[in-house]
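Residue-level listing of the chains:
Number of protein chains: 2
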Amino acid sequence: MGGDFGPDVVVPGAVAAARGRKIDLILVGVESRINAALGKLDVRGVGIKIAPATEIAGMDEKPTETMRRKKDTSIQVCSKLVRDGLADGLVSAGNSGTTLACGMFIIGRIPGVERPALAAFLPTEKRPIVLIDVGANVDCKPLHLMQFGIMADVLARDLLGFSNPRVGLMSIGEEEGKGNLQVIEAFELFRMSSLNFVGNVEGRDLFTGDVDVVVCDGFVGNVALKLAEGLGSSLGRILRGELKRGFFAKIGTILALAALKRFSRLMDYAEYGGAPLIGLKGIAIVCHGKSNAKAIANAVDMAATFVTKKANDHLEENLAVNKDFTLFAHKRSDQP
Amino acid sequence: MGGDFGPDVVVPGAVAAARGRKIDLILVGVESRINAALGKLDVRGVGIKIAPATEIAGMDEKPTETMRRKKDTSIQVCSKLVRDGLADGLVSAGNSGTTLACGMFIIGRIPGVERPALAAFLPTEKRPIVLIDVGANVDCKPLHLMQFGIMADVLARDLLGFSNPRVGLMSIGEEEGKGNLQVIEAFELFRMSSLNFVGNVEGRDLFTGDVDVVVCDGFVGNVALKLAEGLGSSLGRILRGELKRGFFAKIGTILALAALKRFSRLMDYAEYGGAPLIGLKGIAIVCHGKSNAKAIANAVDMAATFVTKKANDHLEENLAVNKDFTLFAHKRSDQP
Numbered sequence: 437m438g439g440d441f442g443p444d445v446v447v448p449g450a451v452a453a454a455r456g457r458k459i460d461l462i463l464v465g466v467e468s469r470i471n472a473a474l475g476k477l478d479v480r481g482v483g484i485k486i487a488p489a490t491e492i493a494g495m496d497e498k499p500t501e502t503m504r505r506k507k508d509t510s511i512q513v514c515s516k517l518v519r520d521g522l523a524d525g526l527v528s529a530g531n532s533g534t535t536l537a538c539g540m541f542i543i544g545r546i547p548g549v550e551r552p553a554l555a556a557f558l559p560t561e562k563r564p565i566v567l568i569d570v571g572a573n574v575d576c577k578p579l580h581l582m583q584f585g586i587m588a589d590v591l592a593r594d595l596l597g598f599s600n601p602r603v604g605l606m607s608i609g610e611e612e613g614k615g616n617l618q619v620i621e622a623f624e625l626f627r628m629s630s631l632n633f634v635g636n637v638e639g640r641d642l643f644t645g646d647v648d649v650v651v652c653d654g655f656v657g658n659v660a661l662k663l664a665e666g667l668g669s670s671l672g673r674i675l676r677g678e679l680k681r682g683f684f685a686k687i688g689t690i691l692a693l694a695a696l697k698r699f700s701r702l703m704d705y706a707e708y709g710g711a712p713l714i715g716l717k718g719i720a721i722v723c724h725g726k727s728n729a730k731a732i733a734n735a736v737d738m739a740a741t742f743v744t745k746k747a748n749d750h751l752e753e754n755l756a757v758n759k760d761f762t763l764f765a766h767k768r769s770d771q772p
Numbered sequence: 437m438g439g440d441f442g443p444d445v446v447v448p449g450a451v452a453a454a455r456g457r458k459i460d461l462i463l464v465g466v467e468s469r470i471n472a473a474l475g476k477l478d479v480r481g482v483g484i485k486i487a488p489a490t491e492i493a494g495m496d497e498k499p500t501e502t503m504r505r506k507k508d509t510s511i512q513v514c515s516k517l518v519r520d521g522l523a524d525g526l527v528s529a530g531n532s533g534t535t536l537a538c539g540m541f542i543i544g545r546i547p548g549v550e551r552p553a554l555a556a557f558l559p560t561e562k563r564p565i566v567l568i569d570v571g572a573n574v575d576c577k578p579l580h581l582m583q584f585g586i587m588a589d590v591l592a593r594d595l596l597g598f599s600n601p602r603v604g605l606m607s608i609g610e611e612e613g614k615g616n617l618q619v620i621e622a623f624e625l626f627r628m629s630s631l632n633f634v635g636n637v638e639g640r641d642l643f644t645g646d647v648d649v650v651v652c653d654g655f656v657g658n659v660a661l662k663l664a665e666g667l668g669s670s671l672g673r674i675l676r677g678e679l680k681r682g683f684f685a686k687i688g689t690i691l692a693l694a695a696l697k698r699f700s701r702l703m704d705y706a707e708y709g710g711a712p713l714i715g716l717k718g719i720a721i722v723c724h725g726k727s728n729a730k731a732i733a734n735a736v737d738m739a740a741t742f743v744t745k746k747a748n749d750h751l752e753e754n755l756a757v758n759k760d761f762t763l764f765a766h767k768r769s770d771q772p
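Going line by line, the protein sequences match chains A and B. Just so we're aligned, residue 437 is where the first sequence starts under my numbering, counting upward by one. Just so we're aligned, residue 437 is where the second sequence starts under my numbering, counting upward by one.
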């Protein structure tokens, strides 16, 4: 029911993905509106169930308000289906704060995961990278950062198909010992971990493609993600303003803008469908409110890949391998 | 003596600025090398003194090492000149960590300033903005952020000539209450302050030009600055790779690259000369190690403007106006 366009975009997107991937759909929300959207589509051969939900979590509503006052929103019903094993994962274009809250408090964490994290796939000069966390956790301990790395390693392997992902820690200098207290301590944990840790990376390394995973806290990641999105758009407007002289310049503008638009589109959630919230018993894909049907389809496809690749099994293996020193780190990071 | 090119670049840059601004220069460093560089220049009409310094702070040397083991590096001698009132400010292209340390421990802070901060001037779609802090302080309290705002306000007024700078706080959502603990608490302080506080801004707002000052801690600011620099270069390489088809496409590439290059050049420290370290009794302009003579000239020019505009007097006035609640905040932020 969420997102700027509700079932009119979510239903056709989900149906398209289900047909392509041969998966079964459960559409959760106000039945009459879902049926109206389904009525416009050819749904032959696609397994579709409807799980009714009578309420809607507002896009501008505070997650805490929604969670307290409402019990039967589509995101809550959807999360319960995942919790109860009736759905393998969920996709939502609704209020992302509410989706995070439902993920944490209804679906619940995989044992051993301290904080589920939101990941984004970014285009680079070479192949895409995983940036984690992009906004789920704004105040993190070093151990959280290390676990983000463990989770993103699984995403890079299972969703991007990389064999031995190079994991970097976002900092303000390449050498060990550079960064804030959080990052300097996390560096040690990363080095002890089973990850293919390549050390600190800086803001300028985010788009070169020389690393596959970049780990940071959700505040830094969110600033970085939005800065990259914004800089793409701003450069487009700067180009448009600057290149208006003469015939060749006009051609140049058009071509340059096309290239920039391609980049912006890559930056857009639409291209990859959404941001996986990883660390839950199940998977939640958080889509932009402005997602179109194609973005929803990509998100459903991503959720399906996550499930069929058994990414959560790999995550549990990754956690188990790194368990001993996680306990050590946990003790230490509990100290003031 | 610092920077990748030493006196060969620093001396001609400084002399050019001194002639343009009609200011007196004190060149600090190994006399023979300074004289060799001066020998290649026309220095008629420019007031130049040499202050000898026998040692050099290495670009890769740890600042703590330099400060402990050496006493007579050019940056140390230079800082003492400022401390003793024999120079109004300093410009250095040397090891920036060492410059920060000398600023803090030799020149010293203006009373009331908790943490001197490093500011950067960034190009936007409209007029430039001040981003502060870009790396001097990686672990900040809310009060530090508020003081960065007070300092950047002075830079925007005195160096950029803006009359009532709009000050934004970098966060991950526009609404009050969004952000990490540090930012949420800082928001209150900003609202109480005398600043023209426009609320939270996000990463995407950095290049629109709709705000004049963006405040963040030095970790976030450094990541943001380097990300913007890196994204410009990466986009250039992506464009170069993508637009190689046909005649018009080639023209397009050339024009688009020219526009991007203009942007990258703006992003470069060279355009504005350097990053002011503000909050000291005097001023220190921190230049990129790779600065050319033009960048040094711009930095010296910036230092001169800072002094002639009496920016530090304005900073003290700004601090005084905001003194009462600073004390309140100080007490609170001392609590665990």
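It is worth saying that the hints were derived from the structure and are not from the lab. Mixed in with the good hints, there may be bad ones.
Chain copies aren't distinguished; within one or between two, either way the pair holds.
[As the list claims (entries may be wrong)] For lysine to aspartate or glutamate, the following EDC-like pairs were computed, each having C-alpha atoms within a straight-line distance of at most 16 Å: (1) Lys614 - Asp496; (2) Lys498 - Glu611; (3) Lys498 - Glu612; (4) Lys717 - Asp749; (5) Lys662 - Glu610; (6) Lys614 - Glu497; (7) Lys485 - Asp460; (8) Lys562 - Asp646; (9) Lys697 - Glu665; (10) Lys730 - Glu611; (11) Lys498 - Glu610; (12) Lys516 - Glu665; (13) Lys614 - Asp575; (14) Lys746 - Asp524; (15) Lys506 - Asp594; (16) Lys726 - Glu624; (17) Lys697 - Glu491.
Because the structure is a prediction, the values reported are computed rather than measured.
Lys614 and Asp496: within-copy, between-copy, both or neither at 16 Å Cα: between (39 Å within a copy, 13 Å between copies)
Intra- versus inter-copy proximity for Asp594 and Lys506 (alpha-carbon distance at most 16 Å): neither (36 Å within a copy, 53 Å between copies)
Could you place Lys717 and Asp749 in one of the four classes (within, between, both, neither) given a Cα distance threshold of 16 Å? Intra 10 Å, inter 59 Å, cutoff 16 Å: intra-copy only.
Intra/inter-copy verdict for Lys498 and Glu612 if alpha-carbon distance must be at most 16 Å: between (40 Å within a copy, 12 Å between copies)
At most 16 Å between alpha carbons: which applies to Lys726 and Glu624, within, between, both or neither? Neither. Shortest intra-copy (40 Å) and inter-copy (31 Å) distances fail the 16 Å Cα cut-off.
As a check of your reading, is Lys614 near Glu497 (CA-CA no more than 16 Å) within one copy, between copies, both or neither? between (40 Å within a copy, 14 Å between copies)
Within, between, both or neither: how does the pair Lys697, Glu665 come out at a Cα-Cα threshold of 16 Å? within (11 Å within a copy, 19 Å between copies)
Under a CA distance limit of 16 Å, which applies to Lys730 and Glu611: within one copy, between copies, both, or neither? Neither: 42 Å inside a chain and 30 Å across chains, both beyond 16 Å.
Intra- versus inter-copy proximity for Asp646 and Lys562 (alpha-carbon distance at most 16 Å): within (8 Å within a copy, 33 Å between copies)
Between Lys516 and Glu665, at a C-alpha cutoff of 16 Å, which is it: within one copy, between copies, both, or neither? neither (33 Å within a copy, 45 Å between copies)
For Lys485 and Asp460, with the copy left unspecified, which applies at a CA distance of at most 16 Å: within, between, both, or neither? Classified as within: same-chain Cα gap 8 Å, cross-chain 81 Å, threshold 16 Å.
Since the copies are identical, ignore which copy is meant and state whether Lys697 and Glu491 lie within 16 Å (CA to CA) inside a copy, between copies, both or neither. For Lys697 and Glu491, neither the intra-copy (37 Å) nor the inter-copy (52 Å) Cα distance is at most 16 Å.
Comparing the model with each earlier hint shows violations of hints 10, 12, 15, 16, 17; every other hint is respected.
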